[in-house]
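Just need the whole structure built from these sequences, with the hints factored in.
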Amino acid sequence: MEFLYASEVLLNGLMAGVMYSLVALGFVLIYKASGIFNYAQGVMALFAAMTLVGIMEGRVPFAHLINAAFGVHLSSFGWTVPGLLAILLTALIMVGLAIAIEKLVLKHLVGQEPIILFMATIGLAWFLEGLGDVMWGADVKVLDVGLPQGISETVETMTDGLFGYGFFIDRLDIWATVIAAVLVAALVGFSQYTKQGRAMRAVADDHQAALSVGISLQFIWIMVWSIAGFVALVAGIMWGTKSGVQFSLSLIALKALPVLMLGGFTSIPGAIVGGLIIGMGEKLFEYFVGPAVGGATENWFAYVLALLFLVFRPQGLFGERIIERV
Amino acid sequence: MTQTTITPDGRQIGDVLMDLRNITLRFGGVTAIKDISFDIREGEIRAIIGPNGAGKSSMLNVISGFYVPQEGEIWFKGYRRGPMKPYEVARLGIARTFQNIALFDGMSVLDNIMTGRLNMMKAPIWSQALWWGRAEREEVENREQVEKIIDFLEIQNIRKTPVGRLPYGLKKRVELARALAAEPKILLLDEPMAGMNVEEKEDMCRFILDVNDEFGTTIALIEHDMGVVMDLSDRVVVMDYGRKIGDGTPDEVRNNPEVISAYLGVAHE
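Sequence lines, in order, name chains A and B.
Under full-length UniProt numbering, the residues of the first sequence are numbered 1 to 326, in order.
Under full-length UniProt numbering, the residues of the second sequence are numbered 1 to 269, in order.
Keep in mind the hints are simulated off the structure, nothing from the lab.
Built from N, CA and C at the ideal position, the CB exists for glycine as well.
Any given hint could turn out to be false.
[Stated by the list, open to error] FRET-style restraints, in silico, Cβ to Cβ:
| no. | chain 1 | residue 1 | chain 2 | residue 2 | range |
| --- | --- | --- | --- | --- | --- |
| 1 | B | Thr-31 | A | Leu-109 | 27 to 35 Å |
| 2 | B | Gln-99 | A | Lys-107 | 21 to 29 Å |
| 3 | A | Tyr-193 | B | Gly-195 | 33 to 41 Å |
| 4 | A | Arg-313 | B | Gln-70 | 47 to 55 Å |
| 5 | B | Trp-75 | A | Gly-111 | 28 to 36 Å |
[Said to hold, decoys possible] Quick look at which bits of chain A chain B covers, simulated, 3 or more residues with Cβ under 8 Å:
| no. | segment |
| --- | --- |
| 6 | 190 to 201 |
| 7 | 215 to 222 |
[What the hints assert, rightly or not] Chain A is nowhere near these chain B residues, computed Cβ spacing over 10 Å in every case:
| no. | residue |
| --- | --- |
| 8 | Lys-34 |
| 9 | Gly-53 |
| 10 | Tyr-67 |
| 11 | Gly-72 |
| 12 | Tyr-79 |
| 13 | Pro-167 |
| 14 | Gly-227 |
| 15 | Arg-235 |
Okay, here's the thing in structure tokens:
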């Protein structure tokens, strides 16, 4: 019984880990292709989720601004958009955002120090956060694209029949796992087997060499930011469905940091495995050690683990080995 | 008016393929290239030589679009080329290698060479993703071409090795293979033999001659090693302090008094 209970905790931990991985994935994509640590990744997820809700509910973008400027009282177009179509439209907006970021920011910072590019993404994060509020309002929004939620009765009856103990698994977590798996498979397939994916890996490796074989850096950067935007959208949908679309959604980026330190900043499998380890470790630690230290270990466990990794294996589990040449 | 010359060893040298007219390149107050003109004819091996800091690499970077000259015109295949990004120049059919080797270290030798053919793959992305129809045909065709080049440069045994693990000489050869994979109209080689031992140099020399002979590829190269250049090339441009001080066949250049005083005189002591 004790063992079964622990396995349930483990399973739940793994599924929570998938959610962390989803966020970390966006970081890895951009870092690999351009060496930029994108501080705005979390805000991008928030912005995507806000936009999705706004489109689905038929909200008028910039309603407050328009109302204030023209003295009208707009708030809604009076229609609703079905989930899938809205997701598609939001994905298009994220592509538009990627193009804007490349044209307005990155293009002018080519060849700058990484710290400068990092600063630019901090600016981007603040800007996007403000833009999201101005466009769609700062209220807490409910996101429901039709993903099932609540306890999965199938799993419960099945495990009950098998072990005599019913596992409590959230159906949203199951869906998140399936969707994340599909997303990762698609990303790996894309980067390994398509021309654009090869070009992306080439750019990640050496800019000059990539140029010399006829790859446009601009195109690849727009592509990578679009993909990262799409990954942010998926993460935004999952987290937004779970806990509502509000400012705190952008803080999931903080949870991605320890995942990246574990998995390495440059490895897609690393982001997945790192997320799983942290999700699993967090829940198991809380279960076994939590009661002894007064609980609430989930808040700090991931960071302590990341700190240990920084000390003993700074490149992470899957990162490129750091070789110092003298 | 087609001009064709047959070289003593029976290769055909055709029309002017690239014409550089009055190129001047400045970095701030420093003039790296001063009013230089020369041409590259189809099928020839054209060398650019000169002492350190003469502006040879800058010249190559101008041709490949990495630098944009302040003055002068670049004519390619009879058309004047506007200011272009390096990747656009590459798509025109001008491939290059780098003095300090620029390969994709994380990829295998095969993948590196395949990137040279990226621009020949036109299949839409869904077809590539599903590995079906046009994409499959293209991939097979391109792989065949790449395998030919691999055989030609005798690197079959390292096809699957990640490039980062290879020794210097082999890296240079892989870089040449990647440039060749693009089936370039002009192949630019930036010091292809720098830092090599005698044996590696001889190999590279042989490959350059074979490439020119077998594929008829026009080659423009920069090199320090005078002996090698004189044996390899059909015509030589000599640069010194950003100016052109000689241009002609190896024999003409060797007997040019200005070249002797500026360069050969020192080197041949």
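Taking the hints in turn, this is what the structure says about them:
1. B:Thr-31 x A:Leu-109: 27 to 35 Å: Given range 27 to 35 Å: holds, Cβ gap about 29 Å.
2. B:Gln-99 x A:Lys-107: 21 to 29 Å: 28 Å, holds
3. A:Tyr-193 x B:Gly-195: 33 to 41 Å: Holds - the Cβ-Cβ distance for A:Tyr-193 and B:Gly-195, about 36 Å, lies within 33 to 41 Å.
4. A:Arg-313 x B:Gln-70: 47 to 55 Å: With a Cβ separation near 50 Å, A:Arg-313 and B:Gln-70 satisfy 47 to 55 Å, so the hint holds.
5. B:Trp-75 x A:Gly-111: 28 to 36 Å: The hinted range 28 to 36 Å holds for B:Trp-75 and A:Gly-111, with Cβ atoms some 30 Å apart.
6. 190 to 201: holds (count 8)
7. 215 to 222: holds (count 3)
8. Lys-34: With a cut-off of 10 Å, B:Lys-34 remains clear of chain A, as the shortest Cβ separation is near 26 Å.
9. Gly-53: 21 Å, holds
10. Tyr-67: 12 Å, holds
11. Gly-72: 22 Å, holds
12. Tyr-79: Check passes; 18 Å lies beyond 10 Å.
13. Pro-167: Nearest chain A Cβ is 16 Å from B:Pro-167, so the label holds.
14. Gly-227: 28 Å, holds
15. Arg-235: 24 Å, holds
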